[in-house]
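Undergrad: One letter stands for each residue in the lines below.
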Amino acid sequence: MLRAENVTKRYQRREGEVLALDRVSLEIAEGEFVSVVGPSGCGKSTLLLTLGCLIRPSAGVVWLDGRSVYGLNHEEAAKLRLSTIGFVFQTFNLVPYLTALENVQMPAYLSGLPPTKQRERAEELLRKVGLGDRLSHKPAELSVGEQQRVALARTLANRPRLILADEPTGNLDPGLADEMVGELENLNRQGVTVVMVTHDPRIAARARRSLRLSQGSIVQS
Amino acid sequence: MTTFGLVLKELRERKSQLLTSFVAIALGITVIVAVRTMSHFSEKAVAQELDNLGANVLILPKGATVSNYYTADFGDYVMPESYVDDITTSRLQGVDNLSPKLTEAILLRGQRVYLTGILPKNELKSKPIWQGAGGIFARPEGCGTVVPGSLAKALGGSAQGGNSTTGARQAVVQELGGAEVMVGSDVAGRFGLKVGATLPIKGETFTVKSVLPSTGTVDDTRVFAHLHAVQRLFHRGRVVNAIEMIGCCKEISRGLIDGLNRLLPEAKVVTIKQIAQTQLNTNTMMERFSLIFLVIILLVGAVSIANYMLANVYERRREIGTLLALGATRRTISAIFLIKAALLGVAGGVAGYALGTVLAVALGPRIAGVPVLPLPALAGWALVLAVAVSVLASALPVAKAARLDPAEILREG
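Here the protein sequences come in this chain order: A and B. So the first sequence is numbered by our numbering: it starts at 1 and just counts up by one. So the second sequence is numbered by our numbering: it starts at 222 and just counts up by one.
For the record, the hints were derived by calculation from the structure and aren't laboratory data. Bear in mind that the values here come from a model prediction, so they are computed numbers and not experimental data. Heads up, a few of these hints could be off.
[What the hints assert, rightly or not] Computed footprint of chain A on chain B; a stretch qualifies when at least three of its residues, placed anywhere within it, have a C-beta under 8 Å from a C-beta of chain A:
#1 230-241
#2 538-547
#3 624-632
[As the list claims (entries may be wrong)] Pairs of lysine-lysine residues, derived as DSS-like cross-links and limited to a Cα-Cα distance of at most 27 Å, are as follows:
#4 K138(A) x K230(B)
#5 K230(B) x K117(A)
#6 K621(B) x K230(B)
#7 K236(B) x K621(B)
#8 K230(B) x K79(A)
Idealized CB from N, CA, C, for every residue including glycine.
Given only the sequences and the hints, what does the whole structure look like? Please build it.
TA: In structure tokens:
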């Protein structure tokens, strides 16, 4: 499903060039659950965002479903993200002035679904993650665990086939972290491919495959 | 969820931050509307005063000069009276009034005076000072100096509605019959003439219909009869030796004179420069004054909006990054901010128009010295201007928002 070939990413910083990814090649099959581990600053998040068509690599190619994602123009890449990829962020990134329901509606709104259908889909997802009674609450009125569940429901709004999770448990206590990974495992069992960046070995171990990154290179697979 | 709904939600959420920008654009439009409304009525009042000075364009027979006109000694220079109809039926813009005249010297009790044939229905427009004569010389509503009836009343003027004006005109033509004259104040004094007195002219007897108030001009020394009566007395046929015209000053500068020259190649068109130029200068000054105000105020409003939008984009970086990561296109992001800018413009435009109009009506009489009424036509302009300024001022922040790199924002943590 997902393939990276010699992906290199260099950043220009004031102090000079930083090599974030160094000729990374990997292949992730449909339905896999892969964790990416490594020390802070080793390039985990850069790799995840590169796989999610958000960071154009300095060199190399990323293939998704047989298509070179960086050969797509901006509109096509946005469409691909909307239809195929779901992001889970460490800080949830909920829109503060929207309710839980409206936050979950967002991907459906962006894909052009009529407002009634958006609402139905968002309600269904929020009920599924146990927040049926929190539809009209704004993020600030929700607990951290509830916010993470709203974010997960939002990720699932367009039924993505690939979930890219960046430190999804980074802001959660151990109990909530287990719950979150459990949700990802559950989705994976339903056929969704999951790539999860984490620095927590305990969480990483729950993935079926683990990639270790060090100084921008995969050192263990 | 719709883009519009999303914008409204954000606006409701951040009302206090929006307030400064709203006040900036609303105040800008307020000042513009107030200044424009006051200057509009002020210009009208000034233009009316200037027009009261009399004709600003003369149409003379080809060989005649302006000195012939002032000395009333035209000799044999005449031109067809039909020129008046030619001008009236042409498509020339800015012809406010036409006064055809035929002036001939006559002897009155052995003294030489000038008899001027006029069409009173036209004369009444170019000599508003005569309005006191029998109450029939009311100034009708015309082009550049038109003031609404209610305003004219407030001004203490005598502008009348269409029907009454027409009535007055007809009354003049009918009442100043073929055997009636109006006499200038000097002539009346010199010959002891009063209303109802009789006057022998070229073997015919004329009755004094009215004595005209003093104007301080050569008109005081003249006797006025109906144009057609003078033509008959001097066996001239349907000719005149001058057509006085009031041209709207803006149109004079926009080619009215050239148009008249083309229309009447056998006549000489002369502008009375001093009057026309004064009118032009006054209007130009008012327009420039308004324009300078407008530009400065719009710039201040635009800078405030641009500043607010830039801050708003910066504040919503994470939200924009998230939307882009979820699959929003740059067009969607731009639309979100442009709709917001347009809504800000609409609100500022409406509030600014309302407040500006209230200010103009309330302060106009004190500041400009003229009564001021609301100008509904300005509402559309205010709205368009406010929206345009708001959207244009937001262009840079919007472009910045649409070009944000979601990866960079998301990696900020």
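Undergrad: Look at each hint and say if it fits the structure.
TA: Hints versus structure:
1. 230-241: holds (count 5)
2. 538-547: Since 8 is at least three, the answer is holds.
3. 624-632: holds (count 4)
4. K138(A) x K230(B): holds (12 Å)
5. K230(B) x K117(A): holds (20 Å)
6. K621(B) x K230(B): OK: K621(B) and K230(B) at ~22 Å, within 27 Å.
7. K236(B) x K621(B): With Cα atoms ~22 Å apart, K236(B) and K621(B) stay inside 27 Å; holds.
8. K230(B) x K79(A): holds (25 Å)
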